[in-house]
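Protein sequences appear in the order of chains A and B. For what it's worth, my numbering labels the leading residue of the first sequence as -4, then goes sequentially. For what it's worth, my numbering labels the leading residue of the second sequence as -4, then goes sequentially.
One or more of the hints may lead you astray.
[Unchecked claim] Think about it this way: if two alpha-carbon atoms lie no more than 25 Å apart in a straight line, the pair counts; the simulated BS3-like pairs of lysine-lysine are:
hint: 1; chain 1: B; residue 1: 45; chain 2: A; residue 2: 97
hint: 2; chain 1: B; residue 1: 102; chain 2: A; residue 2: 97
hint: 3; chain 1: A; residue 1: 74; chain 2: B; residue 2: 60
hint: 4; chain 1: B; residue 1: 97; chain 2: B; residue 2: 60
hint: 5; chain 1: B; residue 1: 35; chain 2: A; residue 2: 60
hint: 6; chain 1: B; residue 1: 45; chain 2: B; residue 2: 35
hint: 7; chain 1: A; residue 1: 4; chain 2: A; residue 2: 60
hint: 8; chain 1: A; residue 1: 97; chain 2: B; residue 2: 76
hint: 9; chain 1: B; residue 1: 35; chain 2: A; residue 2: 45
hint: 10; chain 1: A; residue 1: 60; chain 2: B; residue 2: 74
hint: 11; chain 1: B; residue 1: 45; chain 2: A; residue 2: 74
Hints in this document: simulated from the structure, not taken from any laboratory.
2 protein chains.
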Amino acid sequence: MTHKEKELKHAIVQDYETGEVLMLAHMDEEALRLTLETGKAHFWSRSRGKLWRKGEESGHEQLVKDILIDCDEDTVLLKVKQIGGACHTGYRSCFYRTLDGKIVGEKVFEPEEVYGAKGRSE
Amino acid sequence: MTHKEKELKHAIVQDYETGEVLMLAHMDEEALRLTLETGKAHFWSRSRGKLWRKGEESGHEQLVKDILIDCDEDTVLLKVKQIGGACHTGYRSCFYRTLDGKIVGEKVFEPEEVYGAKGRSE
């Protein structure tokens, strides 16, 4: 585990009105600071090794209404107003399937229309 | 990151009726298998390096009603009926505080009455 990974907090993102869990991401201190400053969710991408703002490319921003922290302070819970869909696959939530692959989530956009032919970047 | 940590999935636990996010834990394959077999949430404790069943000592079990998996298959969402409280501090949810320390959660048990003088073990 790198120094960077040790510093990261898990960040659960939940719709502030419906309670639907939308995604899990990670935050470093800067991501949390920028989230608090701007009111828009920022994360640290472990796969890309960089800071990103949710919706910076897709427009599918997360407007943060509340943030809670857990008992051992390694996870935050963001309650947000989700613009569009949280998942790069086009679903409102990243949790759109059961373990056996049945689709239970709501598709709200077509990824190729949002991200173009180059595919996902968030 | 050890082999074991690479194998782990994040597990978000949510009340199946209210949508309240209760805790974040981790699961290895055996924890997931036992959860499916028994209908009770099992996890891998990264700090203690062992498998555990939620409520094995406190009685505060999580009866699993549904499991969803996210787009990149590294996180599961457990929708549960929570017996008692999810948090070892006595709160119903581990997310009982704002970032500036204000208590917003509901305390549902006294830890010393449940875990005894030796303190937390889950």
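Structure-based check of all given hints:
1. B:45 / A:97: violated, 31 Å
2. B:102 / A:97: The hint is violated at about 37 Å.
3. A:74 / B:60: holds, 23 Å
4. B:97 / B:60: Violated: residue 97 of chain B and residue 60 of chain B sit about 31 Å apart, past 25 Å.
5. B:35 / A:60: Violated, at about 32 Å.
6. B:45 / B:35: holds, 17 Å
7. A:4 / A:60: Given pair residue 4 of chain A, residue 60 of chain A holds - Cα atoms ~19 Å apart, limit 25 Å.
8. A:97 / B:76: Since the Cα atoms of residue 97 of chain A and residue 76 of chain B sit roughly 22 Å apart, the hinted pair holds (cutoff 25 Å).
9. B:35 / A:45: violated, 37 Å
10. A:60 / B:74: holds, 23 Å
11. B:45 / A:74: Violated - the C-alpha atoms of residue 74 of chain A and residue 45 of chain B are around 32 Å apart, more than 25 Å.
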